[in-house]
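Residue numbers (our numbering), protein chains in the order written: chain A, 1 to 160; chain B, 1001 to 1104.
By construction, these hints were calculated from the structure, which means they are not laboratory data. Keep in mind that the hints are not guaranteed to be accurate.
[Claimed, not checked] Which stretches of chain A does chain B cover? Using the computed rule of at least three CB atoms under 8 Å from a CB of chain B, they are:
(1) 38-45
(2) 72-78
(3) 103-110
Just so you know, even glycine gets a beta-carbon here, dropped at the ideal spot from N, CA and C.
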Amino acid sequence: MITHFFKNFLANSDEYRRVENYWISRWNDIMKNRLDSDWSYPWISTGAPDLLDGNPIFSAVSPSKRRGVRIIQHEPTSDKVEILAWTDLVGGKFHDPDAIQELVISCALSDAAADFAAAMIGPWVEGKSISFNRVDGGRIIPDNDHDDCRVSRIRSPFAA
Amino acid sequence: MDHRGVIQAQGGSVYASKGWDQESPLLASTGYAHLDSLKEEIGQRETELRVEGFRQAKTFIDRMIARGGSETAPPIIRKSYPQPPNKKGRIVDIDIFYGKAFIP
């Protein structure tokens, strides 16, 4: 049984702020031994300050690495771990100097989902690749995944 | 140009996009038209796989109209729909890179 946190964050602005702070705290934990990096947050807006839809709930970017992280949080729909991830390009084709390769993680917040997200973000912020095992068309599960986690990667049209 | 962005459908070996790069903010009506054009371009089957994504993208535009348009980018505004994502990776994205969009 998975315990989801902040289940009503979309309906409660105080809860929403606590969720934002939760992800900032997780991010700071990931980055605490990586002080020489140029990663900064936030990177992406929801569209308006009063639009608290979790899309995204957290984002960060490194101009030198041309990489970004975008976390989208949704309300839980089951008592299982709910997390999907994919990579995409923002603002141009792969060889475009302005293009940012992003890791997108969409999840319902639970300890397991957050730990799994952190396990993907850690190597990503260092510029490393993330290993995925293909399961079927369009769905890919990473090596350290377990049964309830699904990670997929969209084949980006911008990729070389 | 001062106002630039793109609406795109991707996933499942499909990629289609409708972009804008213009001197004035994108009208919401043009945003709706872009969604309709994307549906037409990817065809009925792929549209059906993105029904919820298109619905949520339209709702986002509705919400921007209600407040007089999006905030001015940067920071980038980037939305991926549907949320929660469908397991087949069919996605509709709305990106606003510069300026404002979806004004009434």
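Consistency of the hints with the structure:
| no. | hint | result |
| --- | --- | --- |
| 1 | 38-45 | holds (count 4) |
| 2 | 72-78 | holds (count 3) |
| 3 | 103-110 | holds (count 3) |
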